[in-house]
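> Spelled out from the first residue to the last, the chains are:
Number of protein chains: 4
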Amino acid sequence: MRIGVLTGGGDCPGLNAVIRAVVRKGVGVHGHEFVGFRDGWRGPLEGETMPLDIEAVRGILPRGGTILGSSRTNPIKIDGGVEKIKENLAKGGVDALIAIGGEDTLGVAKQLFDKGVKVVGVPKTIDNDLNATDYTFGFDTAVNIAVEAIDRLHTTAESHHRALICEVMGRHAGWIALHAGMAGGANVILIPEKPFDIDRVCAYVESRFKTKYAPIIVVAEGAHPVEGQMTLQAGELDAFGHVRLGGIGENLASEIEKRTGKEARTTVLGHIQRGGTPTAFDRVLATRFGLQAIDAVQDGDFGKMVALQGTEIVRVGLDEATKELKTVPAGRYEEAEVFFG
Amino acid sequence: MRIGVLTGGGDCPGLNAVIRAVVRKGVGVHGHEFVGFRDGWRGPLEGETMPLDIEAVRGILPRGGTILGSSRTNPIKIDGGVEKIKENLAKGGVDALIAIGGEDTLGVAKQLFDKGVKVVGVPKTIDNDLNATDYTFGFDTAVNIAVEAIDRLHTTAESHHRALICEVMGRHAGWIALHAGMAGGANVILIPEKPFDIDRVCAYVESRFKTKYAPIIVVAEGAHPVEGQMTLQAGELDAFGHVRLGGIGENLASEIEKRTGKEARTTVLGHIQRGGTPTAFDRVLATRFGLQAIDAVQDGDFGKMVALQGTEIVRVGLDEATKELKTVPAGRYEEAEVFFG
Amino acid sequence: MRIGVLTGGGDCPGLNAVIRAVVRKGVGVHGHEFVGFRDGWRGPLEGETMPLDIEAVRGILPRGGTILGSSRTNPIKIDGGVEKIKENLAKGGVDALIAIGGEDTLGVAKQLFDKGVKVVGVPKTIDNDLNATDYTFGFDTAVNIAVEAIDRLHTTAESHHRALICEVMGRHAGWIALHAGMAGGANVILIPEKPFDIDRVCAYVESRFKTKYAPIIVVAEGAHPVEGQMTLQAGELDAFGHVRLGGIGENLASEIEKRTGKEARTTVLGHIQRGGTPTAFDRVLATRFGLQAIDAVQDGDFGKMVALQGTEIVRVGLDEATKELKTVPAGRYEEAEVFFG
Amino acid sequence: MRIGVLTGGGDCPGLNAVIRAVVRKGVGVHGHEFVGFRDGWRGPLEGETMPLDIEAVRGILPRGGTILGSSRTNPIKIDGGVEKIKENLAKGGVDALIAIGGEDTLGVAKQLFDKGVKVVGVPKTIDNDLNATDYTFGFDTAVNIAVEAIDRLHTTAESHHRALICEVMGRHAGWIALHAGMAGGANVILIPEKPFDIDRVCAYVESRFKTKYAPIIVVAEGAHPVEGQMTLQAGELDAFGHVRLGGIGENLASEIEKRTGKEARTTVLGHIQRGGTPTAFDRVLATRFGLQAIDAVQDGDFGKMVALQGTEIVRVGLDEATKELKTVPAGRYEEAEVFFG
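Chains as they are written, first to last, in my numbering: chain H, 1 to 341; chain Y, 1 to 341; chain B, 1 to 341; chain G, 1 to 341.
Worth double-checking, as some hints may not be accurate.
Since the list can't tell identical chains apart, any single copy or any two copies may satisfy a pair.
Unchecked claim - Result set (SDA-like, lysine to any residue): computed pairs, CA atoms no more than 25 Å apart in a straight line:
(1) Lys262 / Phe209
(2) Lys210 / Arg63
(3) Lys262 / Thr73
(4) Lys323 / Glu312
(5) Lys326 / Ile313
Honestly, the hints are just simulated from the structure, not real lab data.
With the rest of the complex left out, here is chain H:
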């Protein structure tokens, strides 16, 4: 069998580990042949490929990023995109496709499957907000990077009697903030799932300053105050339509300073959360995802994506990926709240 592999969406530590596992087992055990598609769906859309054999995947296990490149190209939104992909797969003699990506990438995979393409998905989201799987790879790495940063912030906060805010990833789900905050000993954790009361946050800050320690606040980029509080200053839009300035972390610092009279500073972790070498947990999870994905292809079990349930890697329907966002349940946030203040 000749199998195409692609990685779509945002960078995530463990992508290369998936690719390696797919190829190692595909070639070594099942006797498959592979072709790499470049930059997510752009690859099959434009017929841009790269060689993908045992040699190509040697040494990539510990490396962040993806040797295949990535993009956010969405063939569904392009006129004739799906047909073009089917055409290119046929032209290249590609029998099946393994698509590694998040909600968007897997959504495309589902639509292609519905139109007869043999596809298996591997879920990828650093935000851990996918319902069908207990964890996604990349998340553990992101959390560890954030915790290392928070560990460092503690000593600075204490030495300077200053509140320090650490803004982490998480637009719609607060998993990174929750885990990093719990592991980092944060005094307050703010997540998108639960609009925060700025008065309560300031009360925690002030009560913390009464100890010999100083407050550390971990805030997901998508967290926001309850309605009516903190008139958020809109940042400027850059050439690509992204907000450049003044995320929630910075706004929170201003607000805390204004209300408590104490100094507050923000660190926005940004891209370092999603790059670099994956943790052991992510390497093992990504490797096992890859092994299961290629087995699904070998079994002719298409339209599926792989998932972690407990300690087992299972297969679920591709539509599971796009069904519903897995947000932080109230119970998990209450666990963290025990340590607030």
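Following the hints, complete the assembly by docking chains Y, B and G onto the known chain H.
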């Protein structure tokens, strides 16, 4: 309620995180009072205690070891030991006990519970070989430390065209070797559950030397060859005139040198696998274990231990801890074998 | 002798190592007695002290921050400040003072010395911009943290074909940018000492995109374009008079996007560069500084500060600290330029 | 000019950084051409080469090991070895040679230079025991790895009331032990330069056990007791019935147990000290060494090796490399002794 806390058995990253969570929620939410028993069961046996309040647990979340100290004292094996403990608990006005430890510590807890002591257990084993729980804290830290070492060994092996062997913990179960080996890109992984064939190991080593890479072998301390193989004893000279001593790692190096004529060297990771700051995963798991344990006490749900199942923290019978060793199943080892050679 | 110790100015990994060395040798070898002054010059100014003995310094060697706290209080600028300090020292029976801090802190020390206070200085600047010493502690830690971040950014940049900008500390001197950029394999390094030409930067970015790698730009917070280029948008001032938004990193990203049409993103490392555990280099340097400082006190050699010259710790005049900023010499920047583009 | 490059002797983090700097500046600035010789002197001896251009050195800066491979082949000890090398250099049109290695490798370089070969040396020793240079690359990485391990051992030692011994590299010079021990807060440091008195070591161990901390002993592999002390041989049973094997670390543990009645355990760090990614310090130093070496070639300044003096990279005679071992001076050891016990 006045609650005693103790930690028994070997050191494990996350012990302090459990203690902190127990005390923070016990004092802050339930209004409990605590007493720390020193050095595992030696504490209640000899009535040796230390203060355990909010101040005592500040700042300990990221710290390895246990502020309570540990020992392998087993009151069951001491004449009148159990009675002595009951006496000391009564004398100290201790209503309930939280025992954090492995098979031995929890076995004692079970027996005390059977004799009327109100006890809740928190499982601890760096080896991850406890059946009742998906993972135990400390394991993820140990695996990450081992992987960091293996990452380093790769470049040395390649530069010197040398086989490098990394001996990790695991007397009866090969979990650390399995996960560290998979995550570290080992060419062979040897675990206690499956006696190895030295000829096959040497074949992997030789085939690896034909690539531009060099072999890395991860071996659990309890791994052993199939019967009749490898007779080299501690202290013999190897093929290169070096004295070979000690454990399976060293013996394996000798045997590989003798059989393949290639240089082989061993690194025994030892204690560094169980000390120091826990990973984010272990800090979160240990914290959640602590929260659940103190809730069990509050609920009067004694004779239980806490456990991880999927993403949930649950309570199971204390006897689950001592029932059966969780060894590496054949299927998991076969996953790893895909990458051998 | 009874000796006061204080730490002033910004947080810096290694401060605790200095304090520990001073106290361990002072008490253990010379038989001194110590008093800790809180929060830099605020301590002796307001007579706020804390106990400082062998027990107080146990376990602090690996910890970031300063157990004495810090502030930017400047007694010179306070009416009667110097007199107040002399009064408080006399009242507390303090025979000599060890002041650990940067240009400001040591400038005050010099003025006090001129007015008869027995003082020895220990230089501290994470920016490494002090002329009298080859290196200052904290710098090596900051550089390593930045390099770890840059290592992570590489894989993201490549996977997304995106320019990534890493803004590091350095308002007046580009040492952190220079070393982190060289060690991190940056394609361009921008430092305050040399106004950059945005056209040349964009040329590097574009030439880099022609390889399979992507550009990483390391920029010191104080770097700026040659006059007339890049109309910097002034950020808003916060309650403490700091610029909140839109540092050079963000402006550079906008400019690169505008000029090259390629995506560019910025990570501002901020406070994580100055917190947390020091590297081995900084722990050894800080310890040796502490030992030399207490020996200077013991020798009655006041008005001096300790310094590293080659591999030796020497004593130089306190005025050396404030003489002249040690900026990056042209030759060092030219070394780095070899790797640009 | 066509320039050969080789790396000889033991693995050392930073070798690839040197190679990269040499090639980047050689090709990019001076217009040189390069050829890589494989496995140290074996390469030019057997005429085994590999391509070495800009592409070959991309991405190798952060990688441990050496892309050229290494060996301990010594052409001086091989009949006609030197002539063979000259022949192969001539045959390959190699105008000059850059030899990166330790005492042995540079000793050969010196002899070749004396026989008319145009050679420049780059010193490499993880042990830092080379007189002509303040530091060698690889040393800082080794020390940091050792310190990380020691940081981890502290918590285990304390939790178990156990002495922990960490054996580090250093056969003839105790630099790694000295720096790692100082930075790791060791209670005793034992180095080859100063035979130790086992009674004094045991006294430190016992005094440490009287605090709430536990003893950590850092010992260089080449350390040894004063004559007549410690007669335990490999393979004997220690006071706790464990088989004691091997190096000074293990023997020391036995002796301490026998004499103090306290448990003692040893960790031998071994190869992980010399593998893996270099620290920022080592990357910068190795890069600057490479730049200076290729400039020396360009200047026709042969028979030299590069060296660090203060913050400057200078050139000294190749014979400086082999003159005299740089051992730890008494004064530096006395600094460390302040913290013993």
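> If a hint holds in the structure, say so; if it doesn't, say that too.
Going down the list of hints, with the structure as the test:
For a Cα distance limit of 25 Å, the shortest separation of Lys262 from Phe209 inside one copy, 9 Å, qualifies, whereas the shortest one across copies, 43 Å, does not. In this assembly of identical chains, the alpha carbons of Lys210 and Arg63 lie at most 25 Å apart only when taken from different copies (22 Å versus 44 Å within one copy). Taking the shortest alpha-carbon separations for Lys262 and Thr73, only the inter-copy value of 16 Å comes in at or below 25 Å, while the best intra-copy value is 46 Å. For the identical chains of this complex, Lys323 and Glu312 are neighbours both inside a copy (21 Å) and across copies (22 Å), given an alpha-carbon limit of 25 Å.
For a Cα distance limit of 25 Å, the shortest separation of Lys326 from Ile313 qualifies both inside one copy, at 18 Å, and across copies, at 18 Å.
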